[in-house]
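Each residue of the sequence shown is one higher than the last, beginning at 1 in full-length UniProt numbering.
There are no misleading hints in this set.
Straight-line alpha carbon distances no greater than 25 Å define the calculated PhoX-like cross-link-like pairs of lysine-lysine that follow: (1) LYS267 to LYS281; (2) LYS249 to LYS281; (3) LYS31 to LYS53; (4) LYS249 to LYS31.
For the record, the hints were derived by calculation from the structure and aren't laboratory data.
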Amino acid sequence: MPLQSMTGFARTEGTSGRCRWSWELRSVNGKGLDLRIRLPQGFEHFEPEVRQKAAAAFTRGNMQIGLSVSITEPQVQPVVNQAALSAILALREQLSEVIDSAPLRLDTLLAVRGVVDFREAEESEAERQRRDDDIAAGLDGAIARLLAMRLGEGEALRQVLGTQVERIARLAVTIEADPSRSVDAIAERVAGQVQLLLQGSGGLDRDRLYQEAVLLATKADLREEIDRLGAHVRAAEELLGADHPVGRKLDFLAQEFNREANTICSKSNAAAVTAAGIELKVVIDQFREQIQNLE
1 MPLQSMTGFA RTEGTSGRCR WSWELRSVNG KGLDLRIRLP QGFEHFEPEV
51 RQKAAAAFTR GNMQIGLSVS ITEPQVQPVV NQAALSAILA LREQLSEVID
101 SAPLRLDTLL AVRGVVDFRE AEESEAERQR RDDDIAAGLD GAIARLLAMR
151 LGEGEALRQV LGTQVERIAR LAVTIEADPS RSVDAIAERV AGQVQLLLQG
201 SGGLDRDRLY QEAVLLATKA DLREEIDRLG AHVRAAEELL GADHPVGRKL
251 DFLAQEFNRE ANTICSKSNA AAVTAAGIEL KVVIDQFREQ IQNLE
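Model the full structure from these sequences, guided by the hints.
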């Protein structure tokens, strides 16, 4: 799977019978996959399915997943209290000689409290199953939309990060090619510094001084840092073309990039190399900031 961003939003909605439902999924950066699920009362049985499907599609991100359900057309049905109705009919029979014997009217019975109640119609088992199937399909659609959005942003991030890695590679070449790094330039600079020290103090041991100068020149060489930068660039390019989550590995590489840039700046003895090193640090900071959004 191509690179994914960790940020995104998706919504699906639909109806099933008298039920109207909607899913909303929101995702932001996170160290791992943190799911916060909000389900209405009576729909808690969806939670295991939500967790399983989200974990199958994503590996990182703080995600809020919410389901809303409402009844679009409430239906009521009459419920007759048979015991109360039987008691009224028995009473009428008992008092038939002293009261009007006209047949009881429906409106009369409805007026008697407790004989007939009107309650919301209950769904059948088949209706509930059909509703749950529709809601589950809506969850699949929301996850697919969120995945598509994260993949789209991931592709945009890949291009940005690729450009930054290319910039890091060019700056490494600039530093390597700087005239101050040539053997002649280093030898001339060290010789000049040694000559100044010898002129300032006649008591210094010439051989010992040259040994220390050679040691300092060796420590100031940037060959190892430039080689490591090149290795890190190749590793970053490989990760950007991978088909699995690489955000954490790229974050580690960003730390390594920064370590080499700091060393180059501390060892630099030329203004051009220092300037390139500072620009290198700026690009690396931008690179690290962008990969915080990457799965």
